[in-house]
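Starting from the given sequences, assemble the full structure and let the hints guide the process.
Chains as they are written, first to last, in this note's numbering: chain A, 13 to 317; chain D, 13 to 317; chain G, 13 to 317; chain X, 13 to 317.
Hints should not be assumed to be uniformly reliable.
A pair holds if it fits inside one copy or across any two, identical chains being indistinguishable in the list.
Straight-line alpha carbon distances no greater than 35 Å define the calculated DSBU-like cross-link-like pairs of lysine-lysine that follow [as the list claims (entries may be wrong)]:
#1 143 <-> 308
#2 157 <-> 193
#3 157 <-> 143
#4 193 <-> 308
#5 282 <-> 193
#6 106 <-> 308
#7 40 <-> 282
#8 105 <-> 308
#9 106 <-> 40
#10 308 <-> 40
#11 193 <-> 105
#12 143 <-> 105
#13 106 <-> 157
#14 40 <-> 105
#15 40 <-> 143
#16 308 <-> 282
Hint data in this document are derived by calculation from the structure and do not stem from the laboratory.
4 protein chains.
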Amino acid sequence: MSTQYQGVIPPVVTPRHADGSLDTASLKNVTQHLLDGGVSGLFVLGSSGEVPYMTNAEREQVVSTIADANAGAVPLIVGANEQTTNRVIEEAKKVIDLGADAIVVTSMYYAIGNAAETETHFRSIHAAIDKPIFAYDVPVRTHYKLPTDLLVRLGRDGVIAGVKDSSGDDVSFRQLLLAAKDVPDFDIFTGHEVVVDGALLGGAQGVVPGLGNVDPAGYRRLFDAAQAGDWAGAAREQDRLADLFEIVYTPNGRVSGGAAGLGAFKTALKVMGIIESNTMSAPMLSLNEDETTAIKVILERNGLV
Amino acid sequence: MSTQYQGVIPPVVTPRHADGSLDTASLKNVTQHLLDGGVSGLFVLGSSGEVPYMTNAEREQVVSTIADANAGAVPLIVGANEQTTNRVIEEAKKVIDLGADAIVVTSMYYAIGNAAETETHFRSIHAAIDKPIFAYDVPVRTHYKLPTDLLVRLGRDGVIAGVKDSSGDDVSFRQLLLAAKDVPDFDIFTGHEVVVDGALLGGAQGVVPGLGNVDPAGYRRLFDAAQAGDWAGAAREQDRLADLFEIVYTPNGRVSGGAAGLGAFKTALKVMGIIESNTMSAPMLSLNEDETTAIKVILERNGLV
Amino acid sequence: MSTQYQGVIPPVVTPRHADGSLDTASLKNVTQHLLDGGVSGLFVLGSSGEVPYMTNAEREQVVSTIADANAGAVPLIVGANEQTTNRVIEEAKKVIDLGADAIVVTSMYYAIGNAAETETHFRSIHAAIDKPIFAYDVPVRTHYKLPTDLLVRLGRDGVIAGVKDSSGDDVSFRQLLLAAKDVPDFDIFTGHEVVVDGALLGGAQGVVPGLGNVDPAGYRRLFDAAQAGDWAGAAREQDRLADLFEIVYTPNGRVSGGAAGLGAFKTALKVMGIIESNTMSAPMLSLNEDETTAIKVILERNGLV
Amino acid sequence: MSTQYQGVIPPVVTPRHADGSLDTASLKNVTQHLLDGGVSGLFVLGSSGEVPYMTNAEREQVVSTIADANAGAVPLIVGANEQTTNRVIEEAKKVIDLGADAIVVTSMYYAIGNAAETETHFRSIHAAIDKPIFAYDVPVRTHYKLPTDLLVRLGRDGVIAGVKDSSGDDVSFRQLLLAAKDVPDFDIFTGHEVVVDGALLGGAQGVVPGLGNVDPAGYRRLFDAAQAGDWAGAAREQDRLADLFEIVYTPNGRVSGGAAGLGAFKTALKVMGIIESNTMSAPMLSLNEDETTAIKVILERNGLV
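What follows is the structure, encoded as structure tokens:
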């Protein structure tokens with residue numbers, strides 16, 4: 013099977029100044045940090061990029077800034093994140109104009125849909141735009157699990173070019189890998205930072221790791237080891253990255269589930285000197301000094317500062 | 013306690029032509045039908061109005077059309093339905109410009125928040141706009157239940173002017189009524205069509221019934237009976253309306269949960285000659301001939317056709 | 013419609029000595045307290061009686077003790093609480109031998125069933141025993157909501173004699189009341205302490221209130237007011253009981269959800285001098301001094317101490 | 013780390029005659045089939061053994077029958093499956109008397125507990141019995157996810173000897189593996205049939221596969237390949253077993269979630285001539301002719317018939 017997309021495609025975080033405004037200089041730094049780390053694509057306007065918290069103007073500015081910094085180096089896979097079909101189509105057209113090479117689309121949310129509507133949703137979006145579409149399975153946010161048979165059917169019909177799986181359902185993930193094995197140009201990515209070795213062993217094409225913002229080179233090494241069939245080496249790198257992932261557990265109930273992980277990634281990038289501030293989008297709290305200190309300890313034992 | 017808002021405030025459905033485009037003529041008819049039925053307000057851009065399925069341009073057109081048809085007759089309470097704080101504020105400003113007298117705001121969705129963020133969310137929106145805000149508690153869509161103590165605190169501080177409760181949690185609803193009893197100008201509405209008599213007996217100020225699109229006069233009679241202390245009469249009217257509510261169970265698994273209820277309301281309005289088509293927003297299926305026939309039977313036994 | 017069961021049927025708490033052993037003397041006191049309060053039945057081995065925490069020997073001792081203390085005064089409705097059909101049947105036979113007049117049965121739990129299995133479950137139990145069966149709808153524990161149409165069908169076929177609804181779903185409760193209106197000898201009880209006025213207004217036959225352990229006479233007054241058509245009086249009594257229900261919110265995160273409410277009932281009964289100790293079944297924590305003091309305040313303002 | 017338990021430990025199915033009575037002859041055949049397949053232990057009275065559906069007498073008969081057939085060949089790990097602490101202790105003592113070498117214990121169910129009660133639960137059971145205890149994390153049945161930090165603490169304190177993880181949460185599973193790496197004599201098993209290669213790569217000691225009833229030798233080959241560091245070989249065997257696992261999807265909505273998988277295992281064993289009937293415990297439906305035919309096709313393409 014020839015695949016267009018594979019490897020490490022981190023969901024780029026969105027730096028803000030301490031006053032909450034977009035920090036495009038830091039965003040360019042992050043982009044360069046990721047390219048330097050050997051990523052094979054950039055996922056823009058993802059959950060890790062705080063897309064639900066951005067205004068429409070901010071969304072446009074983020075895509076433009078990353079597109080400039082990337083300068084065609086790797087493909088830009090951009091989230092068209094809206095509640096329902098027609099709103100997604102409008103958003104998708106906007107981000108394609110701004111430089112998206114492919115689009116990422118979730119099932120509907122806030123809306124109460126079903127499998128048939130979800131199928132129509134993806135088919136209608138495919139009919140309206142002319143870029144590859146990745147289905148993003150993230151039931152913790154959409155509260156709807158994309159059915160495996162639907163994904164395979166959409167893949168076989170050329171409606172979607174692949175899947176980013178953040179479902180947390182490893183059984184269905186393996187079954188998707190197996191069921192889609194003979195679907196041409198269909199690329200399956202795990203969104204879970206700590207099970208990448210197993211996902212690649214099972215046949216996944218790559219990973220979209222939020223933690224990849226912090227250590228893109230680590231994920232690249234893990235991917236390369238897997239490609240080379242050095243599975244013990246891949247597992248060792250994965251175990252190290254799983255230890256690094258402990259940064260997301262430093263906030264202790266003070267901040268929301270949404271803010272903890274993303275805040276940890278931004279705080280790590282600040283400690284590493286890549287971004288200016290770890291300020292989160294309103295109304296999320298930013299991590300504090302204690303949490304920053306705890307994160308620094310974890311970065312140090314993993315050789316990142 | 014003096015209250016500004018009370019009585020029957022239906023969430024206005026959004027008629028579409030068979031080709032899917034907005035049907036503003038039918039929307040005016042619905043508005044007139046509701047005013048004729050004796051409603052005391054109109055809830056615009058609610059879930060029953062299919063707000064998540066509308067493009068931004070359609071949202072504006074719907075508010076303008078209803079504002080025109082209403083011509084100041086009753087207050088317009090308009091949903092500012094967006095994922096997070098800053099997006100809600102932008103949306104709220106837009107609908108206020110178009111004629112909204114008050115704003116309806118849910119907790120964040122797609123985002124993964126907590127109680128503290130939700131409090132900041134409502135306080136930030138209140139700081140940014142100068143119209144009354146109703147909190148809309150609809151965990152079946154947002155997957156977050158607004159805590160009773162938060163609602164009461166926001167009410168006491170003048171951040172919110174009331175609550176539209178579609179939580180399906182009657183215990184917390186009663187406790188909210190009790191806890192908010194001495195909060196001035198704080199109005200609590202149930203969104204559940206079939207428990208209005210009990211809600212009013214418990215002290216609610218009114219109801220926001222999707223079924224009120226079909227039979228606004230019935231809900232007005234129920235409300236008037238309750239106001240007059242005729243609780244047995246209120247319960248009789250409620251039982252009749254609960255029978256009418258059976259129209260939402262006519263679609264049998266074919267359509268989604270989102271489309272079944274709203275589709276039934278629109279189909280009933282079509283049978284009653286008030287709107288032209290029962291077409292749903294994409295990608296929802298519209299009810300078919302069989303379902304329409306079943307709905308007609310229920311309308312007939314309730315004297316509505 | 014003639015009904016066999018109606019009124020106030022509290023789920024009797026299970027007192028323990030400080031060392032954790034059953035306190036049958038206190039259990040007799042509670043039983044007498046409930047009879048004195050004017051209850052029309054006793055629900056034995058319910059969730060409020062901590063049935064899942066009792067050994068088999070303790071379950072038998074509890075039924076025997078209450079049967080002795082009751083001495084035929086009111087019907088004993090006893091929970092046959094086991095995971096699946098055949099285990100329920102064995103348990104039901106045991107409690108019938110000990111004096112049960114009727115049996116309370118939930119859907120299966122730990123097992124992963126569906127509607128068809130649930131129907132077989134109830135029909136098989138009915139075929140195996142010769143006492144009335146009440147279906148107990150408690151999805152917060154069984155994680156399965158009993159479907160309304162199934163309950164009505166089982167009622168119409170004489171399989172079940174009624175329903176104890178602790179589903180927290182007031183919409184389906186009203187629809188059950190309406191759908192079962194013409195089913196003979198079918199009695200529907202709400203298990204929710206604070207919405208009894210609305211439930212009775214909607215046609216319920218009675219209530220199974222855990223809080224009724226503390227204030228059986230209050231629930232009796234509420235029921236009598238409703239029977240007399242004095243709905244405003246019923247609502248006033250309900251509001252007072254809803255205030256009394258605040259005792260269940262005195263434990264602040266220290267104890268589990270299961271232990272908080274039941275612990276509050278037992279602590280109130282201890283403060284009132286009806287039981288010796290507020291000790292909970294292992295591994296639940298008992299309420300502490302601070303929580304006891306807070307409960308005493310609420311009891312005092314409600315005239316119970 | 014020296015570990016006592018590792019490898020393939022299938023949860024033994026419970027054959028019944030067509031009339032629903034236990035089929036001990038077939039149970040002995042299954043046991044022999046598993047031993048022949050090279051399993052390193054037997055998990056008795058597990059969910060796959062239909063333990064919630066058995067009467068107490070049946071539970072005893074199953075343990076005795078397997079103990080006889082096993083004749084000490086491999087360790088017997090037996091479920092003490094009851095709602096709460098004291099009931100589990102009684103059950104554990106019974107199965108230890110019948111030959112259990114170790115006990116499997118879930119968190120409480122039907123009860124509404126929390127982390128503190130769950131810790132007391134495991135510590136109390138450990139204090140009351142003198143056999144190793146495996147924690148069984150199965151939130152799809154108990155509706156409570158065992159916290160990783162609790163499991164590690166219980167392991168470090170010698171309260172539990174390991175974990176059987178059927179949580180479906182691969183992220184927390186990897187973190188458990190990592191966090192427990194230096195806990196002596198602490199063995200972690202995945203319960204998920206199709207992700208065993210990744211689990212072993214991440215450091216798991218073994219697998220408790222329901223599908224292992226059907227193809228124990230396949231799981232043994234997978235385990236041996238992993239032990240030998242032949243990860244590509246392990247993944248190939250896993251992919252084959254994932255294809256075999258398709259038997260559980262042959263029932264199409266007719267039977268419950270509980271009955272589908274277990275019914276498929278029993279039907280496969282019947283087709284393979286190892287058990288007499290695929291009859292399920294009441295009230296579960298057994299798979300029919302069409303489903304049996306579909307399963308036969310899958311068995312054939314995997315070389316099992």
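Results of checking the hints against the structure:
In this homomeric assembly, residue 143 and residue 308 never come within 35 Å of each other (Cα to Cα): the closest approach is 40 Å inside a single copy and 43 Å across copies. For the identical chains of this complex, residue 157 and residue 193 are neighbours both inside a copy (21 Å) and across copies (32 Å), given an alpha-carbon limit of 35 Å. In the homo-oligomer, the alpha carbons of residue 157 and residue 143 lie at most 35 Å apart inside one protomer (24 Å), although the nearest pairing across protomers, at 38 Å, exceeds that limit. In this assembly of identical chains, the alpha carbons of residue 193 and residue 308 lie at most 35 Å apart only when taken from different copies (23 Å versus 41 Å within one copy).
Only between protomers do residue 282 and residue 193 lie at most 35 Å apart by alpha-carbon distance; the minimum there is 31 Å, versus 40 Å within a single protomer. Taking CA atoms no more than 35 Å apart as the test, residue 106 paired with residue 308 passes in neither setting, with 39 Å inside one copy and 44 Å between copies. For the homomeric pair residue 40 and residue 282, the shortest alpha-carbon distance inside one copy (14 Å) is at most 35 Å, but the shortest distance between copies (55 Å) is not. For the identical chains of this complex, residue 105 and residue 308 are neighbours neither inside a copy (41 Å) nor across copies (42 Å), given an alpha-carbon limit of 35 Å.
In this assembly of identical chains, residue 106 and residue 40 lie within 35 Å of each other by CA distance both inside one copy and across copies; the values are 21 Å within and 33 Å between. In the homo-oligomer, the alpha carbons of residue 308 and residue 40 lie at most 35 Å apart inside one protomer (23 Å), although the nearest pairing across protomers, at 58 Å, exceeds that limit. Only within a single protomer do residue 193 and residue 105 lie at most 35 Å apart by alpha-carbon distance; the minimum there is 31 Å, versus 49 Å between protomers. Taking the closest pair of Cα atoms, residue 143 and residue 105 come within 35 Å of each other both inside a single copy (10 Å) and across two copies (34 Å).
Within a single copy, residue 106 and residue 157 get their C-alpha atoms as close as 27 Å, and across copies as close as 34 Å, so both meet the 35 Å cut-off. Taking CA atoms no more than 35 Å apart as the test, residue 40 paired with residue 105 passes in both settings, with 23 Å inside one copy and 32 Å between copies. Taking the closest pair of Cα atoms, residue 40 and residue 143 come within 35 Å of each other only inside a single copy of the chain (25 Å); across copies the shortest separation is 40 Å, beyond that limit. Taking CA atoms no more than 35 Å apart as the test, residue 308 paired with residue 282 passes inside one copy only; the shortest distance there is 10 Å, against 52 Å between copies.
Checked against the numbered hints given earlier, the structure breaks hints 1, 6, 8 and satisfies all the rest.
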